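Protein chains in written order, with numbering that gives the first Met the number 0: chain A, 0 to 405; chain B, 0 to 119.
Hints were generated in silico from the structure; no laboratory data involved. Just so we're clear, the structure is a prediction, and the values are computed from it rather than from any experiment. Each statement offered as a hint is correct.
Restricting the straight-line Cα-Cα distance to at most 16 Å, the calculated cross-link-like pairs of lysine to aspartate or glutamate (EDC-like) are:
hint, chain 1, residue 1, chain 2, residue 2
1, B, K75, B, D52
2, A, K160, A, D121
3, B, K75, B, E108
4, A, K160, B, D90
5, A, K160, B, D88
6, A, K160, B, E108
7, B, K75, B, E10
8, B, K15, B, D52
9, B, K15, B, E76
If we take Cβ atoms under 7 Å as the criterion, some of the chain A residues that face chain B in the derived model are:
hint, residue
10, A117
11, A163
12, A164
13, H165
14, I166
15, P167
C-beta: ideal position from N, C-alpha, C; glycine also.
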Amino acid sequence: MADAVAHAAAEAAARDHYGRLVALVTRATGDPASAEDALAEAFAAALRVWPVTGVPDQPQAWLLVAARRVAGKLRRHDKTHAAAAAALAQLAAERAGTAPEVLGDARLRLLFLCAHPAIASDIHTPLMLQTVLGLDAARIGAAFLVPPAAMAQRLVRAKVKIRAAHIPFALPDTRDLPARLDAVLAAVHAAFTAGWDDVGLGQAGHGSLSAEAIFLARLLVAGMPDQPEARGLLATMLFAEARAAARRGPDGRYVPMGQQDPGLWRDDMIAAAEAELAAASRLARPGRYQTEAAIQSLHCARAVPDAVRKRVLADLYAVLESQAPVMGVRIARAVAVAGAGQVAAGLALLDGLDSVTMAAHQPWWAARAHLLAQMGQHAAARDARDRAIALARDPAVAAWLRTTGQ
Amino acid sequence: MQIMMTFHEPEAEFAKRANPAEAEAYWGGWMAYIGAMNAAGIVVSGAGLMPPDTATTLRLRDGARQVQDGPYADTKEQLGGFMILEVPDLDTALDWAARAPAAAAGSVELRPVLPPMPNG
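With the hints as extra help, turn the sequences into a complete structure.
Right, here's the structure in full:
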């Protein structure tokens with residue numbers, strides 16, 4: 000009985016406080032791998048002690064003290080002068096700082112550590128999800144289509160590198176900040192889009208990590224309120240998430256933007272997104288995430304006449320392509336140009352993309368089918384649609400593509 | 000921490016060493032760079048190396064020596080020298096690496112140095 004209560008309390012603490020605990024212990028250890036080692040020992044100690052003593056009033060505080068003690072012991076084994084000096088500095092900083100502020104700062108530094116250029120960019124997002132939010136390798140692997148064991152191994156390798164190469168647990172200086180922030184934003188954005196399968200029409204299926212990504216973006220905005228792109232990214236994700244419920248029909252069927260029921264949109268999230276976008280605009284430094292948010296805002300603006308919306312969308316996508324000339328954006332722009340009435344010009348934009356890469360890219364075929372049908376080239380449209388269906392990973396998207404040709 | 004920077008240069012850089020028109024600028028760049036690191040008091044050790052065509056590579060296979068003319072791998076960039084630095088972290092080392100003449104002409108690899116063995 001006491002065992003079961005202790006287990007439940009430890010599980011709750013792990014679920015609700017893991018990321019905060021890693022961040023706080025990392026302040027003492029300087030690297031998340033050691034912090035996680037120390038925390039693992041603290042949890043093991045809790046499962047031995049709590050059944051005897053009872054669960055403490057503040058389990059997470061107990062775990063923090065225990066983990067710091069373990070971290071201190073680990074440090075004493077590591078007798079280098081530099082480590083000792085860093086530890087003393089950390090302890091002094093903790094005594095001087097107030098808890099909530101220190102917490103926010105530590106988690107912000109973790110975000111930048113996870114997206115350091117000395118770590119392979121494809122592991123930035125998984126590292127953030129694990130060290131900041133405490134997600135396990137199985138869940139992260141599922142979102143990135145990587146087997147759990149392989150994901151666990153890559154995470155361990157990255158953390159070993161952080162420790163061995165002495166990647167600093169610090170915010171970048173002013174000179175490095177723009178590039179480093181771009182990497183953090185890209186990693187948070189990747190968490191949001193992981194597991195999505197868009198059809199090149201500026202919409203997406205349901206992302207299983209979207210709540211986690213929004214949480215990370217909120218951390219970033221709270222820590223760096225003067226960075227407009229952080230606010231732009233948060234706004235983009237809030238707009239998209241506000242429409243999540245409308246994106247699938249009751250039968251799980253995929254519902255494209257134009258056919259969604261706005262009654263299913265979350266107005267509170269849309270309002271929060273608008274507020275972020277407005278705050279970003281006041282900082283007067285435009286960027287790709289703010290443009291993406293503006294596009295999302297336009298999609299959510301019910302009062303705008305359709306013809307106006309389509310024209311402005313094409314303009315916004317032209318801006319976005321100049322800021323972020325990536326494949327998805329270029330396809331979406333071609334569709335927007337066609338949507339504004341210039342179908343042939345849109346098709347020409349699609350044809351201008353690298354044909355070798357596009358041959359295996361489902362959104363390109365879906366967009367092509369859409370535009371060819373509008374041109375009245377029905378046989379070619381049907382062929383393109385079949386290619387898109389064959390390439391679709393999400394069965395709901397494939398099912399929706401099948402309906403578009405009928 | 001101690002970290003080793005290895006400087007990897009393309010053939011064109013090695014060629015500058017012997018070209019009277021370019022040698023002065025080439026060596027001047029390296030002298031200034033190494034002088035700055037010495038002035039900062041971070042240098043543990045280091046050396047420049049003769050060009051890769053002076054290299055000899057040995058492998059022991061089934062107890063027999065296989066000695067070969069040239070470097071261990073035939074790549075576009077070859078090891079031209081190394082420095083071991085005492086720095087607080089990777090970002091500090093990266094700042095120094097970015098100032099090396101080889102950073103623009105070739106590449107600089109950074110590797111943490113193993114701590115001394117317990118019974119060493």
